[in-house]
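The residues making up each chain are set out below.
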Amino acid sequence: MKAFLKTLFGDAGTVTVVALVMMVEVVLTASGQAGLGVVLIPVAVLAGVAWLAIR
Amino acid sequence: MLDWSVVPAAFLTAAVEWVEAFTIVLAVSLSIGWRAAGGAAVAALAVLALMTIAAGGVLGLGLEVRWLQLAIGVFLLLFGVRWLAKAVARGAGLKALHDEAETFAETQAELSRGDFAAGWLIAFKGVLLEGLEVWLIVAAFGLHGRAWISSGAGALAALVVVLAAGLVVRAPLTRVPENAIKFVVGVMITAFGTYWTYESAAGERAWPLGDLSLLALAAFFALGGLGLMALIRRPRPAGAAT
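So the sequence lines, in the order shown, correspond to chains A and B.
Numbering follows this note's numbering, with no gaps: position 21 of the first sequence is 1.
Numbering follows this note's numbering, with no gaps: position 79 of the second sequence is 155.
FYI, nobody ran anything at the bench for these hints, they're computed from the structure.
Check the hints yourself; a few may be wrong.
Said to hold, decoys possible - Distance windows between CB atoms, simulated:
id: 1; chain 1: B; residue 1: 78; chain 2: A; residue 2: 23; range: 50 to 60 Å
id: 2; chain 1: B; residue 1: 303; chain 2: A; residue 2: -1; range: 17 to 27 Å
id: 3; chain 1: A; residue 1: -1; chain 2: B; residue 2: 239; range: 34 to 44 Å
id: 4; chain 1: B; residue 1: 178; chain 2: A; residue 2: 11; range: 44 to 54 Å
id: 5; chain 1: A; residue 1: 6; chain 2: B; residue 2: 169; range: 49 to 59 Å
A virtual CB, placed ideally from N, CA and C, is assigned to each residue, including glycine.
One chain only, chain B, in its complex shape (with noise of 0.2 Å):
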């Protein structure tokens, strides 16, 4: 049985750094051909699922879940306040909106060389990293609950459907709202980080509403970031990325 509170929030991380990987491995594609592009894409997930498989073993190690929580906690709050202040700082135009057509071109500078074992490591890295963020928050997410298997099949899902998009399209995904998508996701990464390393300090002390202190917090990180979104806004410069 899927956990519907957790596969929607899996989805929307994994889908936007999948649109990050998928930009770059079609650029590198149109350099060393969607074969060699694909496979070092391929080899990248080859890597995350064995970090995965290892990861399930030391979880099986019957750790405390206080320091599991600890650990991805700690994760979750590295990446939720880097995204909200991102989104809050790229809504209130103080930093350009990330660009997918403008990381395609750069990418394609970088191959215009032509060397494939240079290409190859760009889409194999391009992949792994931004798979690695994926594979954080979906162990993030998983853990909540034990939620794995809806968390992975969230992640899973939104894999399926950048690649059915892309494939289609042929060309960077750039219609996609990432911006506000990264918001939502940082509200809540921020959110669940917040929750559980105070908990894993505090114990039960931490939270006297338990669960709905995860809603209040989100509710308090996305209220407080549209404020700082008002706060500090500056006039967008005319003809920047949308």
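Bound conformation, chain A alone (with noise of 0.2 Å):
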């Protein structure tokens, strides 16, 4: 079953990356700033791979 949930979700850190970007989307459209996602939502899910990857 642990297998099966890490083939699904990956660890706590994929996890928390994949949250952090949604976060990110849900603040910047609640907030009429939805434009700016084009941007900065790329940028925020490449940050979160960088992390991924040195840690």
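Build the complex from these two chains, which are given one at a time in their own frames, with help from the hints.
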């Protein structure tokens, strides 16, 4: 079961990165700044990838 | 009519996973025989087929596309950032390159007690877990433009190619440039995941360029990933796997 869940969701770091990216998406949308997401969201995702790669 | 923007992506993604599954089945087959190991693999593929039918039923319930995009986008991001980070870390020398020969040896060591049930379960679980990743990504690519047939055809073609190559070689497929494929696929699924999760949150305001934004995202993650690799690169120890 543990292996199954890990295959689906990855480790805690991966889940944290995706949760933070989604939080940024929701905040931008709710604050009426959705246009900024075109730049901010990809940068946030790449920053998450960088953190996962070096940790 | 096949959608050729989806077939290669599904093929590459599935090929990486099928190679890993094949390595495990091959190692198990040396312990409990081809017939039993193959049976375990077929049983796992049958479970995946049942999951596909069940998922098709859920999709047929007429859920709003936005929710489907959100659910599948989240899974794509979960896979995409993981794969991309691994490929960057391996490319930069922070992590050992994935070595099918090593996986093969580890699986064989696990089976050294000659326990039939344990061998069968290892083959079953290996194919099920690797196949699960294929299944999710096939579903995700299929969702884009409802290209189910193209997406499934790419994954099935990869299965046939890996099986054929494996049966000819009868050894772990160590010459597959797995890290390069994982980098490309990581870029693609991260781009899709980013696109869909934000579109499900912000609607049409999310990506003013529409589908063209997908290409821009893929280019951004590819260049960004290569830049990261160069930035954090460490010399690879002599004798490391290639």
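Exercise for review: If any of the earlier hints don't hold here, list their numbers in rising order.
Suggested key: 1, 5
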